[in-house]
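A.B. asks: From first to last, the protein sequence lines stand for chains H and C.
In terms of my numbering, the first sequence is residues 141 to 435.
In terms of my numbering, the second sequence is residues -2 to 359.
A hint or two may mislead.
To be verified - Using 25 Å as the maximum straight-line C-alpha spacing, the simulated SDA-like pairs for lysine to any residue come out as follows:
| hint | chain 1 | residue 1 | chain 2 | residue 2 |
| --- | --- | --- | --- | --- |
| 1 | H | Lys429 | C | Arg79 |
| 2 | H | Lys296 | H | Val356 |
| 3 | C | Lys124 | H | Lys296 |
| 4 | H | Lys307 | H | Tyr267 |
| 5 | H | Lys244 | H | Glu188 |
| 6 | H | Lys429 | H | Gly385 |
| 7 | H | Lys429 | C | Lys124 |
| 8 | H | Lys166 | C | Tyr119 |
| 9 | C | Lys198 | C | His226 |
| 10 | H | Lys250 | C | Arg79 |
By construction, these hints were calculated from the structure, which means they are not laboratory data.
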Amino acid sequence: MSTSAVEKIDLTGANISATENAYLPKVAILDRVVPEITDVKTFYWRFEDAAEQQAFRRFRPGQFAQVSLFGVGEFPTSLPASPTEDETFFTVRRVGSCTAALHKMKPGDKFAVRGPYGNGFPMEDYYGKSLVFVAGGIGLIPLRSCIVYALKHRDKYNHIQIFLGAKTPQELMYVPNLREWEQSAGVECYLSVDRSDGVWAGNVGVVGSLFKKPGVQVQVEDTVAFVCGPPVMFRFVIKDLLTMGFQERNIVSTLERYMKCGIGKCGHCCIGVAYVCVDGPVFTYEQIKKLGEDI
Amino acid sequence: MKARILDRADVLKIVDLLRQQGYEVMAPFCGRGRDTYFDVVTEQNRDQVQTHFANPYYPPKRYVLPHIEPMLKVTRANGNVRIEPIYEEPKRAIFGIRSCDVAGIYHLDLFYLGGSFRDTYYDKRRKNLFLVNMVCTDPDRDVGDECFCVCADTGPAARDRFDLQLMDLGDEFMAVAGTPAGESLLADPVFRRGTEAHVEKRRAILDEVRKRFKTSTSWFSATVRYVSHGEVLEKTWEEIGNRCIECGGCTYVCPACTCFTVSDRQTGPDEVERVRIWDSCALGGFTRMAGGHNPRKAVHDRRNRRFFRKLAHYFIQRELSMACVGCGRCVDVCHGNIGMPSVVEMIRRATAEFENHEHVSR
Chain H
141 MSTSAVEKID
151 LTGANISATE
161 NAYLPKVAIL
171 DRVVPEITDV
181 KTFYWRFEDA
191 AEQQAFRRFR
201 PGQFAQVSLF
211 GVGEFPTSLP
221 ASPTEDETFF
231 TVRRVGSCTA
241 ALHKMKPGDK
251 FAVRGPYGNG
261 FPMEDYYGKS
271 LVFVAGGIGL
281 IPLRSCIVYA
291 LKHRDKYNHI
301 QIFLGAKTPQ
311 ELMYVPNLRE
321 WEQSAGVECY
331 LSVDRSDGVW
341 AGNVGVVGSL
351 FKKPGVQVQV
361 EDTVAFVCGP
371 PVMFRFVIKD
381 LLTMGFQERN
391 IVSTLERYMK
401 CGIGKCGHCC
411 IGVAYVCVDG
421 PVFTYEQIKK
431 LGEDI
Chain C
-2 MKARILDRAD
8 VLKIVDLLRQ
18 QGYEVMAPFC
28 GRGRDTYFDV
38 VTEQNRDQVQ
48 THFANPYYPP
58 KRYVLPHIEP
68 MLKVTRANGN
78 VRIEPIYEEP
88 KRAIFGIRSC
98 DVAGIYHLDL
108 FYLGGSFRDT
118 YYDKRRKNLF
128 LVNMVCTDPD
138 RDVGDECFCV
148 CADTGPAARD
158 RFDLQLMDLG
168 DEFMAVAGTP
178 AGESLLADPV
188 FRRGTEAHVE
198 KRRAILDEVR
208 KRFKTSTSWF
218 SATVRYVSHG
228 EVLEKTWEEI
238 GNRCIECGGC
248 TYVCPACTCF
258 TVSDRQTGPD
268 EVERVRIWDS
278 CALGGFTRMA
288 GGHNPRKAVH
298 DRRNRRFFRK
308 LAHYFIQREL
318 SMACVGCGRC
328 VDVCHGNIGM
338 PSVVEMIRRA
348 TAEFENHEHV
358 SR
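Turn these sequences into a full structure, and let the hints steer you where they fit.
C.D. replies: Structure below.
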């Protein structure tokens, strides 16, 4: 018997999934763990159910997932893998109780994942443009997905430039990837560290110092700049990019917020008029400025 | 909408009818003093059900969004993990829900069932919920000192979104059906056809009760404009924030607040239950991230958040409904006198004064 006003609300086409319980995570198995830098590890995992794995792998670069550690809680994390890669993995820094619980897990252990959520980077919209990636520290985690995706579709983009900063040479992440990008003909990859260890032969200084180095010509014309890193780095890099002539709408980033649901209901990630989980996490700098809150 | 008349003495027969149909009926009861609460109707307490009562502080939104709601059960056995959802689909009726709270539930419908994702838990509780709205007609017992539904346009008589609406006409009650389910109840012999005089009486009572509201205006339109345009001075937000003691009371009594947190709790040696719990944007930890970074550090940033969420045009349009229904509960519970009407007034005064001054000096 239909009794309530609920039936009267026309939501046809509005809901992504009207019947499925979006809060229900699916069991995942940890395959292997690779240490990256201090307190940061990469966790390779797959869903217990192969069909779930297939469905999940259709995510877009820049989307995120909710990871459940039973008895501890759930946390949102970026998807550093590209949908063009075979394996699914997270790179997570140990900061709170959930991430600490994940760091304690061993291959074969089970946890749960739901997602992918969020808008992601519109990589298809950038076809024909040049891409400039600027990442500081673990800011590379969400951008890795875009970089791998762009290199896989290399013919679709014009110039690709990567600028990476880390505190020390030991704090550089995804080292095998960095070597590959440095040697790849289709991409310019520049690295910088804040403090040298004495052995480091590369640039020393903040990531923005790379822009002014002799021989470096940052693409500006018809270019999208991806910026991700700690708030201080973000502010300075944005200033540099705007000075170089980038328009605010051509600078994109991904925001992180405390989230409980990932689907626009719990209210924790709401900044200004945006729910980071469903309206983001990817925003242009033009949008970020209007949100009116700390990055 | 179809309307019928019933004798005053028969009004609780509606409770009986619903119970016969298998509904668990929640109805208002009086405790000591001002204390009122919704509780399950039983054989024993049926005669104590109230038709005129101060609206309970604990809003009936808990029947669609319990303050603690189990979501999942996770069990571990022999290296396997089983995740099962915990659903509750009660066949429940709320007898005597006030018009403001009917609007509150409608707001929650739009929020939880709309957007990109439909909330399964809300959906299941809402599907079989039957709402019997009681119109506020007694200016002394029904209308609270802080009620402002006339400004929020949700009362004293809800226009829709109820299944059945009851209104005290003196010796008789008028029953109005809002849905087919409500209309089917009117077939019972306890109801009879009304006359033009009944409709006239309804109008006269409502005209009178509207005049008896103490908080008659709260200047919503000007404030919505100022908030939406970002014209509210930082100083004004700070003044509002300075009065907030961060107790979270306003959000817990609000029939239109939606935020929750999620927590896991151990229920056995190999069993964990995931629950969601009402949360409050007034609390300091609401936006604090695992590393300790909190983008909303200052109290006034958090106060600003709650009122921005409720008053910004963008959100009103997003849900096609305003997240304030004029129930006045936040005014009653706030120790700092920053319930909705006074905040609206503070914003309107300060912003208008500033704008006028700027205009003149230019």
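A.B. asks: Look at each hint and say if it fits the structure.
C.D. replies: Taking the hints in turn, this is what the structure says about them:
1. H:Lys429 with C:Arg79: This hinted pair is violated, its Cα atoms lying about 44 Å apart.
2. H:Lys296 with H:Val356: holds, 23 Å
3. C:Lys124 with H:Lys296: Cα-Cα ~49 Å, so violated.
4. H:Lys307 with H:Tyr267: violated, 33 Å
5. H:Lys244 with H:Glu188: holds, 20 Å
6. H:Lys429 with H:Gly385: holds, 17 Å
7. H:Lys429 with C:Lys124: violated, 41 Å
8. H:Lys166 with C:Tyr119: Between Lys166 (chain H) and Tyr119 (chain C) the Cα gap is close to 21 Å, so the pair holds against 25 Å.
9. C:Lys198 with C:His226: violated, 44 Å
10. H:Lys250 with C:Arg79: holds, 10 Å
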